[in-house]
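Protein chains in written order, with UniProt numbering: chain A, 1 to 598; chain B, 1 to 313.
Hints were generated in silico from the structure; no laboratory data involved.
Bear in mind that the values here come from a model prediction, so they are computed numbers and not experimental data.
Among the hints, erroneous ones may be present.
Partial selection, computed: residues in chain A whose CB lies under 7 Å from chain B [unchecked claim]:
(1) 147
(2) 231
(3) 472
(4) 475
Ideal placement from N, C-alpha and C gives every residue a C-beta, glycine not left out.
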Amino acid sequence: MSEVTSNLVSPQLDAPVVGRRLWRRVLGNPVGFVTVLLLVLIVAFGVLAPWLAPNDPNLARLELTNAGPFSTDFWLGGDNTGRDILSRLMFATRGTLVAILVVLVVSSLLGGTAGLIAGYFGGRLDDAADWISNVLLALPGIVLLIVLYTVIGPNILLAMAVYGVLISPSYFRLVRSLVQSIRHELYIDAAKVAGLSDRRIVARHVLRAVRGPIIVHSAFVLASAIAVQAALEFLGLGDPTDPSWGRMLQDAFNNIFVNRVAVVWPVLLIGATTLSLVMLGNVIRDALQASASRPTALSPAVVRRLRAEQVSEAEPRSEAGQSDRLPLLRVCDLAIGYPDSTTTVKPVVHGVDLVVERGEIHGLVGESGSGKSQVALSILGILPPEAVILRGAIEFHGEDLLADPRRMREVRGRRIAYVPQEPLSNLDPTFTVGQQLTYGLRAVKDVSRREARQQLLELLDRVGIRNPARVFDLYPHQVSGGMAQRVLIAGALAGDPELIIADEPTTALDVTVQADVLELLRNLQQERELGMVIVTHNFGVVADLCDRVSVMQSGRIVESRSARDLFASPEHEYTRMLLNSSLDGAELRTPLAVGSGA
Amino acid sequence: MLMFIGRKLAAGLVLFIAVTFVTFLLVFSNGEESVRNNLGELATEDQIAQRVNELNLDQPVLVQYVKWLGSLLTGSLGRSFNSGETVTSILATRIPVTLSIIFLALLVTSVLSIAVGVVSAVKGGWVDRSLQFLAGGAAALPSFLVAIALTFLFAIALPIFPATGYVPFGEDPGRWATSLVLPIAALVIHMVANSAQQFRGAMVDALKQDYIRTLRSRGVPERAVVLRHALRNAAAPGLTILSVQTIGLVGGAVLIEQIFALPGVGQFTIRAAIAGDLPSVMGVVVFGTLLVLVVNILADVVNAWINPRVRLS
Numbered sequence: 001m002s003e004v005t006s007n008l009v010s011p012q013l014d015a016p017v018v019g020r021r022l023w024r025r026v027l028g029n030p031v032g033f034v035t036v037l038l039l040v041l042i043v044a045f046g047v048l049a050p051w052l053a054p055n056d057p058n059l060a061r062l063e064l065t066n067a068g069p070f071s072t073d074f075w076l077g078g079d080n081t082g083r084d085i086l087s088r089l090m091f092a093t094r095g096t097l098v099a100i101l102v103v104l105v106v107s108s109l110l111g112g113t114a115g116l117i118a119g120y121f122g123g124r125l126d127d128a129a130d131w132i133s134n135v136l137l138a139l140p141g142i143v144l145l146i147v148l149y150t151v152i153g154p155n156i157l158l159a160m161a162v163y164g165v166l167i168s169p170s171y172f173r174l175v176r177s178l179v180q181s182i183r184h185e186l187y188i189d190a191a192k193v194a195g196l197s198d199r200r201i202v203a204r205h206v207l208r209a210v211r212g213p214i215i216v217h218s219a220f221v222l223a224s225a226i227a228v229q230a231a232l233e234f235l236g237l238g239d240p241t242d243p244s245w246g247r248m249l250q251d252a253f254n255n256i257f258v259n260r261v262a263v264v265w266p267v268l269l270i271g272a273t274t275l276s277l278v279m280l281g282n283v284i285r286d287a288l289q290a291s292a293s294r295p296t297a298l299s300p301a302v303v304r305r306l307r308a309e310q311v312s313e314a315e316p317r318s319e320a321g322q323s324d325r326l327p328l329l330r331v332c333d334l335a336i337g338y339p340d341s342t343t344t345v346k347p348v349v350h351g352v353d354l355v356v357e358r359g360e361i362h363g364l365v366g367e368s369g370s371g372k373s374q375v376a377l378s379i380l381g382i383l384p385p386e387a388v389i390l391r392g393a394i395e396f397h398g399e400d401l402l403a404d405p406r407r408m409r410e411v412r413g414r415r416i417a418y419v420p421q422e423p424l425s426n427l428d429p430t431f432t433v434g435q436q437l438t439y440g441l442r443a444v445k446d447v448s449r450r451e452a453r454q455q456l457l458e459l460l461d462r463v464g465i466r467n468p469a470r471v472f473d474l475y476p477h478q479v480s481g482g483m484a485q486r487v488l489i490a491g492a493l494a495g496d497p498e499l500i501i502a503d504e505p506t507t508a509l510d511v512t513v514q515a516d517v518l519e520l521l522r523n524l525q526q527e528r529e530l531g532m533v534i535v536t537h538n539f540g541v542v543a544d545l546c547d548r549v550s551v552m553q554s555g556r557i558v559e560s561r562s563a564r565d566l567f568a569s570p571e572h573e574y575t576r577m578l579l580n581s582s583l584d585g586a587e588l589r590t591p592l593a594v595g596s597g598a
Numbered sequence: 001m002l003m004f005i006g007r008k009l010a011a012g013l014v015l016f017i018a019v020t021f022v023t024f025l026l027v028f029s030n031g032e033e034s035v036r037n038n039l040g041e042l043a044t045e046d047q048i049a050q051r052v053n054e055l056n057l058d059q060p061v062l063v064q065y066v067k068w069l070g071s072l073l074t075g076s077l078g079r080s081f082n083s084g085e086t087v088t089s090i091l092a093t094r095i096p097v098t099l100s101i102i103f104l105a106l107l108v109t110s111v112l113s114i115a116v117g118v119v120s121a122v123k124g125g126w127v128d129r130s131l132q133f134l135a136g137g138a139a140a141l142p143s144f145l146v147a148i149a150l151t152f153l154f155a156i157a158l159p160i161f162p163a164t165g166y167v168p169f170g171e172d173p174g175r176w177a178t179s180l181v182l183p184i185a186a187l188v189i190h191m192v193a194n195s196a197q198q199f200r201g202a203m204v205d206a207l208k209q210d211y212i213r214t215l216r217s218r219g220v221p222e223r224a225v226v227l228r229h230a231l232r233n234a235a236a237p238g239l240t241i242l243s244v245q246t247i248g249l250v251g252g253a254v255l256i257e258q259i260f261a262l263p264g265v266g267q268f269t270i271r272a273a274i275a276g277d278l279p280s281v282m283g284v285v286v287f288g289t290l291l292v293l294v295v296n297i298l299a300d301v302v303n304a305w306i307n308p309r310v311r312l313s
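In isolation and in its complexed conformation, chain B is listed as follows (with noise of 0.2 Å):
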């Protein structure tokens, strides 16, 4: 298990480098711009070219992700162009906004996901037919649409819940709660149409197997069949799906943010690639692979636990 997880680590460590080393050297492939852009018009040349010398920008581009890379290995990512503030320190702030919305709505989608496949795989009928229809009509809306959707009916429409805002939880946890329903709701909604069709199709396919009838044959009953064997033999392609989504949750959040003004990494991201601000842009970008990156892991790991295949192997 300890090998299976350091041979884990070891990919993710190689697409962490493959994926930053790409966009170091698209996003410095023209420093000089940058700066040009954060100064303003008003600057003058000197003034251009002795920031691109403080800020090392007229070195060669590998240099400089060697450099970059070495400074991360001590936890710094450089200080905003636009700020002067440690990226480390604004992301530190950030984080946990971006973190709560993603981790609540993956955990929502989890249990609504598995509880919805479950049923229509096992039922069939009408209950799965229209809860496929329902999910293939919801997951066809991208989530900021939603969004919007949901602001204009529960917050302009009818004003049950704040169109935007965030409240810190340390602060009121009862408004933290309102202040994210929608946000939420608008990320789980396109993600549960999506993966409740898959893990009712894995599901089903669980439940064909053969073991399943010596199982019955057996006399174990229909709940232990279901519950005990089918579900945790669909696990493994509901791990995948879920990870997946994630991914895709990233960047669902960064627009959910933007949408109810919520002061997260995406929000933040937005404003630093408009302003040219390179280290916060590569900042997000190590912040996205890692998060991306740990959760593929972890559901490799649980996968690995649940599948002996996996493990031992």
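Next comes chain A alone, as it looks inside the complex (with noise of 0.2 Å):
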């Protein structure tokens, strides 16, 4: 079983997407056409073997024996006793045709079978049919198959049949974890409640949604069923008077020295044969997929040339507007986008300007999608691989750090910092709290560990973790979700920042830790003077903290104005939407309270 084993133990899930449409993609694809029309020609070469071989395979002309190609009446030249290669490998390939169908269906059905009662019964049933999977995973096929030689003898069918349940675990494995992920999404609840028998169900639902990465797969176990047959054969374990792929490569194999060309031909069948199946599987996987995934980061060029196109949206800056004394932080323009082909971005900023001065707390609100946490991301320069900043500045005290990445990266941690919005996911799970802050600690401070230590453990203290010694040591899967973000505020605080940005730090948290969360971000705020920038949808958390706020809509800033002002007269229509919306049915502070932060 060592032949494609990783591809078969952990298969991929794809969107469920086939169709016509899908082959055209696939045959569209050089790649698709040539491994499909490869494979129809070998399917042919087999399958028209008796009306289409020149010769008997098993006819022996003595004086062609070790014959070269192109040469006499055997096209492919003769192998070690006389035979005729092309007519050989003729009947050799009807044989792996059926060899490897046994295997497809022996293994697709099981496997299949089993996996679609596992996943949409569950319970006691899908462990045991579990363990067994994992059992026959653990072992390793080929040597079973030879072991098992001395029962079953010469049966290469019989063979192939067992090798077929003992690959039956992928098809498993692949069609359970498809059922499980779809069993609960509304549609088959929706089947249910319209009183679809179980077998409707899954008839119609589950069989349209595995579909596609069956068919992927399946190439994957024919490959691999190809593989495992000309092994059996090579070593000699097959029937000897049948002609085979293997058989033919351990008969030229054994008489390498007298003729080598003959080791040519079978080599090159099973190598096309193997590898326009794989390559056929990858190219419908990727079909498959083509419709759900991202296109992945653009190349430079096609970034710069993006740049290049860019139009400015900013409104001229007038110098004499501007006070003697910079910002703490501004942002001119900024534009993001990210790639929806292999050229082109689709943007999701369009040109934000942000003035946040020193011991300012500013609001940044929107609802999900306005483009809020790709504005704070881009401050740190942290967005994803792939977004492209299309134009704009981020100047920190009148610094440009986006025509700067090196000044950026300085920045970063010691001026700069960030406190997330999930605080579990935004520790590293294998290490300790004290190791992952340390190790963030000395990045930016020339500090020993020891007073490293020392440091992080005040820290924590200050943040209002009772116990700094024992939180230290602990590994974050320890830790509850509100103590998590107070390590990541202590975490955020190391580097002794002027700006933190906050990207709805107290989303993920249960409603009496945001409270406490928030007093804490405002103390903090107070205590060093802080320039904070808050990325949250909740007016709440606004009014509590805020002294400005930027409400934002499709990646635009379309109100921005003093806490104060904005609740009492909101300007821009979907600001007052929002308001209302936040405000249907939850008491908000007065106005008057929003002051009290500042």
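Taking the hints as your guide, dock the two standalone chains into a single complex.
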């Protein structure tokens, strides 16, 4: 079972799109077209053997023993006993097709059915099937098949059926996980409510969803079946009277010093067939995923071109209107996009301007998808690698960080820090809290391990962790969400920053913890005179903390004012709508309370 | 941690008994037939009956299995039907050959696939695409086919390495090394193609995690982010890949030994299977199962050592 093993053990899950469009896409791909063509030719080569083969595969003409190719009646030459290599190859192909069909049918029926049942019904049935599948996967297949030779003898089709059983867990796992993932989908529930029987649901909805991945997986199974059959025959465990690829390979290999060329034909045929199957499988998988996945990062040349095409939307800055003192942070005309093909981007932020003064808390409010987190992450230069900053500037103390990536790296963690949204997923699960905080601190400050520990313990104490020394040695999965968020705040403060970017810092927390964390942020901000950008969709947080508010809608800032004014008289329609919807049913503090935080 | 290892060992024992039981049942289901094959056509019915009786093959299979298991506990795997030597002494001469192939192939595969996987995941772009394309092709080719191609190219057409044969390390380390280059290369090419692709996927996933972004935001240098944090988190799927590869490697080694005429367990397996040498066949099953179990348990232990969630739960 050495062949293509990992493809077989962890099958890929794909989006359920199969149909004519898929086949058009597969054949439209040059690799897909060539592999399909090759496979069709190979199948025809085998199926038509009785009619097209020039000679009987077992006819021996001693005078043509080891004859070279293209010179005699035997087009590809003769083998070591004077038989026609071409005719033998054709009949061998036929044998291979039958053998791999046996594997395909046995493994897909057995594994597929078991997977459907286990995935759909779950419970003890599922546990039992899973255990059996794990045992089968732990067996070295080829060795077992060789061992079985002592029982079944030279019966290659029976051996292939056994191989089908051995490899059925791969179908089992694939189908089971697909079924599990869609079992709880709404449309399955709807079908149940509508009174459809389990069998109808499985037939109509589940099978449709698993069809695509099964086709892909079958290509890999067929390739591995070819390899296993050839291997068994090569080892001499097949029926010696039937020609087969593996047997021909063995004959030619044993004879390699006499007749080198003979070894080439079976190697080419086995290689071309398995290669075509695997590559076709990959092409189909890509075609299935094409609609679902986003393109990856653009090439630098494309990014340069896109940037050159940008037209500024910023209003010309009047130098006279600026105060003498530079603001802590000024974001000018920032535009960000994500690739939607290999040469184009879909802009998600269109020319955003934002100013944060020292000691000011600036709220960035909007619905999810409005681009507010994108703006926040770009200030730190930690957007995902495929994101493209199309234009604009991020000035920190008047210095454009976008123009100088090195400066951005220097500032990050030292002068601008980040408090993330989801506390637990933002701690590396493989290091203790203390270890990862130490790595961060020592990356930005020249302190010894011991000094770092001392400083961090003080900081953990400051952010309200009761037993800092104990928490220091805990792993992330051992701390609560609220505690993890405090740890992350401590991590952000470790480098003594002037500006903190907090991306929905309380959204993932329990309501009671939310208030504590907001209080902590406010106190820290006052204590250290921090500038702060808080990204949130919650006007309660804004009212609690913020001095200024910018409202974002579909990648643009539509309103930016002091929090007090905004609550008193929202100007933009979208702001009013947001305010109304968040006020619905929940009591908000009066605008008077807003100023108390600053 | 001790509890963890204990649990893994217990699960391994259950698996070992299940596998040996099923194969024993199959292999010994028709012991008389094997004796008949073994003694040849000239043997009389009396001789066969006497031999069957001698070897206890007339007893119920279940009883035979229990006896076999009992003698296994004392370290005995019985005597070969063919040569009469003890199976353990035969295996003792052959295991070092097979283990050196498997161990070296695993080592080279791990190093290469981590290197290729990391570079490919971090660099992206054309480096990634070309590596993926090459890996896709190499993964599709069965290792014995690669072995034949390599022999053809580097032993016959360009006689750089020996086509067949094995020189024990103690005899001549230099020739030992050259005799293993092609066999190991054949195994490694196939395995690296598979595991580098998978490891690349694990790295890409690890680099997408939230904590990677947070570490970057704290000013942790990119090299440390990749090598200390992402690599460690990609280790768990990486180890799973390697332990799965090992199972395939045991099968691959059988073929490779046959092709390069290496006197390992694989070659012995094929001879024993064709000759109907049942105790030897069972000996090989024990070896193969133990090898897979040991590698799996090692992978689990390393994973627990790296991953506190596994260790502490």
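**Status of the hint placing residue 231 of chain A at chain B (closest C-beta pair under 7 Å)** = holds, 6 Å
**Status of the hint placing residue 472 of chain A at chain B (closest C-beta pair under 7 Å)** = violated, 14 Å
**Prompt:** Are residue 147 of chain A and chain B close enough, Cβ to Cβ, to be under 7 Å, as the hint says?
**Reply:** holds, 5 Å
**Message:** Using the nearest Cβ pair, does residue 475 of chain A come within less than 7 Å of chain B?
**Reply:** holds, 4 Å
Violated hints amount to a single one, hint 3; each of the other numbered hints is respected by the structure.
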